[in-house]
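Asker: These are the residues of each chain, in order.
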Amino acid sequence: MASDISKELLTIILAGGRGERLYPLTKVRSKPAVPFGGIYRIIDFTLSNCLNSGFRRIKVLCQYMSHSLDRHLKEGWSIFCRELDEYIDSVPPQQQFQETWYKGTADAIFQNFYLLDLIHPKYVMILSGDHIYKMNYAEMVRYHIEKKAELTVATVEAEMSRASGKLGVMQVDPTGRIVDFEEKPLKPKTSSAHSGHALVNMGIYVFNTDALVRNVVADAKRDTSHDFGRDVIPAMIPAHRCYSFNFVDETGGEILYWRDIGTIENYYEANMDLLSPRPRFDLFDPQWPVRAHIGQYPPAKMIRAASAQGKRAKLGRARNSIISHGCIIDGAVVSNCVISPGVYIGPEAEVEDSIIMHGTHIGAGCRICRSLIDKNVSIAPGKTIGYEPEQDSQHFMISENGIVLIPKDFKLL
Amino acid sequence: MKKLLIVDDEKHLRLLYQTEFEAEGYKVDTAADAMEALGMFEHERYDLVILDIKMPGMDGIEALGKFLGRDNKLPVIINSAYDSHKDNFMSWAADSYVIKSSDLSELKQKVKEAFGESIYEF
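Chain order of the listed sequences is A and B.
Counting from 1, one number per residue, gives the positions in the first sequence under the working numbering.
Counting from 1, one number per residue, gives the positions in the second sequence under the working numbering.
Hints may contain errors.
When the alpha-carbon atoms are kept at most 20 Å apart in a straight line, the in silico DMTMM-like pairs for lysine to aspartate or glutamate are as follows [as the list claims (entries may be wrong)]:
#1 Lys221(A) to Glu113(B)
#2 Lys122(A) to Glu113(B)
#3 Lys221(A) to Glu106(B)
#4 Lys66(B) to Asp117(A)
Okay, the calculated beta carbon distance ranges per label pair [said to hold, decoys possible]:
#5 Asn401(A) to Glu44(B): 32 to 42 Å
#6 Arg280(A) to Ile99(B): 53 to 63 Å
#7 Leu283(A) to Tyr82(B): 35 to 45 Å
#8 Gly165(A) to Ser84(B): 43 to 53 Å
#9 Pro238(A) to Phe115(B): 22 to 32 Å
Rather than coming from a laboratory, the hints here were simulated on the basis of the structure.
Here a beta-carbon is modelled for each residue, glycine too, at the ideal position from N, C-alpha and C.
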């Protein structure tokens with residue numbers, strides 16, 4: 001049942017980013033629709049947070065390459081009852097007022113004021129559709145109300161290396177009120193709680209609706225990038241009650257897990273994080289289920305290779321890996337991998353430290369490491385990928401940290 | 001000389017506003033509906049728009065968004081007989097919201113204020 005707070009609140013998920021730094025994963029889909037962790041798409045984590053927080057009035061603002069995301073929302077998230085005023089609506093750009101696409105996150109809200117007119121919520125929760133974390137948004141809204149804030153920004157303490165030049169960094173007073181905000185500073189100021197860390201903007205906001213409208217209007221009339229982090233929030237801090245909701249464990253004060261999937265490196269590392277024996281982000285937490293749209297597949301199987309002739313057939317094995325349903329590990333060895341549904345890996349193939357997406361076929365005897373292989377790729381038997389960068393770079397993009405990127409539907413013959 | 005565009009579907013009001021604001025020293029053009037006003041805006045630059053809301057065809061709220069889409073710093077004053085349109089969040093994008101009255105002093109004051117605060121100069 002939806003919480004009482006949720007009846008006064010509209011949730012808007014910003015899912016329109018182009019995701020250029022995740023290319024080629026974003027060649028045919030928006031960033032929130034990129035598969036993650038075997039069976040999920042990135043937006044499933046934000047939507048599951050909404051579901052687990054009791055927030056069931058959700059508008060997802062799409063833009064670039066929205067077909068895949070829209071289909072995922074229809075197939076996987078048509079779970080709410082509109083008659084009970086619960087919904088997840090995919091909203092493409094309407095160009096109602098302006099004949100342009102969204103110029104920034106704040107412009108996406110400006111161009112969709114009519115959504116607020118339809119509902120007139122007391123509060124608006126604004127979320128990003130491309131982060132991996134578990135947060136009870138109801139607690140954040142309660143904090144917002146207790147503080148009599150006009151804006152509450154979720155913040156997390158990040159190591160300096162993650163914050164420097166990449167994230168918005170805040171300073172707060174002892175009451176939690178934000179007193180300073182710098183967008184992507186090269187030398188971030190440290191936070192008071194944990195040395196070597198900076199308090200960074202998670203891109204999660206609770207606004208009083210009137211404060212949101214007034215400040216987005218003010219920003220629309222300035223020549224800015226029309227972005228919440230760069231423009232709207234720094235402009236609000238001196239004159240408005242802006243508070244930080246720090247993302248820490250309530251009991252121990254431990255910094256909780258949050259990853260912004262901005263780059264291939266972030267994406268790869270966040271997937272690999274799932275493979276540790278006791279991951280900080282646990283998919284097996286019964287208190288916080290993460291919902292996915294999986295489709296119909298038979299169970300995964302790891303079998304002794306059927307085609308090994310004349311010698312003793314090897315048993316298919318997977319070590320320290322996520323193996324989704326519909327996969328066949330046919331006499332192959334898989335180590336430290338995240339394997340999505342419907343993947344076939346042939347006899348005597350060795351695959352390690354890789355992410356393999358739905359429906360990909362890896363032939364017998366292939367040797368693959370540190371590769372990110374998109375959906376429905378076909379790799380002929382005997383190929384080697386990830387061991388010889390010069391050879392790989394003739395066929396594929398390679399990320400800064402050396403991950404070989406193989407795009408959707410690629411056939412390596 | 002500052003140039004105003006007055007958008008109102010009532011002919012007598014257009015005439016009244018034109019006379020009054022010309023007497024204040026402004027150059028004034030008028031349009032009878034939003035489409036006509038947006039068409040005029042394509043060819044002419046205005047320093048401020050006074051905009052009725054309830055008009056045949058496109059209403060003033062939609063027109064306001066389109067004006068700001070073309071020029072995000074354009075001062076716009078909503079001049080409506082009704083205050084109920086304040087519930088519409090796009091109306092908050094106007095510099096002022098004036099309820100129509102036979103006494104034009106508030107409207108004239110808001111025009112002066114808009115120019116006082118505006119950095120819009122030609």
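Asker: If a hint holds in the structure, say so; if it does not, say that too.
Answerer: Now the hints, each set against the structure:
no.: 1; hint: Lys221(A) to Glu113(B); in the structure: 17 Å, holds
no.: 2; hint: Lys122(A) to Glu113(B); in the structure: 31 Å, violated
no.: 3; hint: Lys221(A) to Glu106(B); in the structure: 23 Å, violated
no.: 4; hint: Lys66(B) to Asp117(A); in the structure: 18 Å, holds
no.: 5; hint: Asn401(A) to Glu44(B): 32 to 42 Å; in the structure: 56 Å, violated
no.: 6; hint: Arg280(A) to Ile99(B): 53 to 63 Å; in the structure: 58 Å, holds
no.: 7; hint: Leu283(A) to Tyr82(B): 35 to 45 Å; in the structure: 54 Å, violated
no.: 8; hint: Gly165(A) to Ser84(B): 43 to 53 Å; in the structure: 48 Å, holds
no.: 9; hint: Pro238(A) to Phe115(B): 22 to 32 Å; in the structure: 26 Å, holds
Checked against the numbered hints listed earlier, the structure breaks hints 2, 3, 5, 7; every other hint is satisfied.
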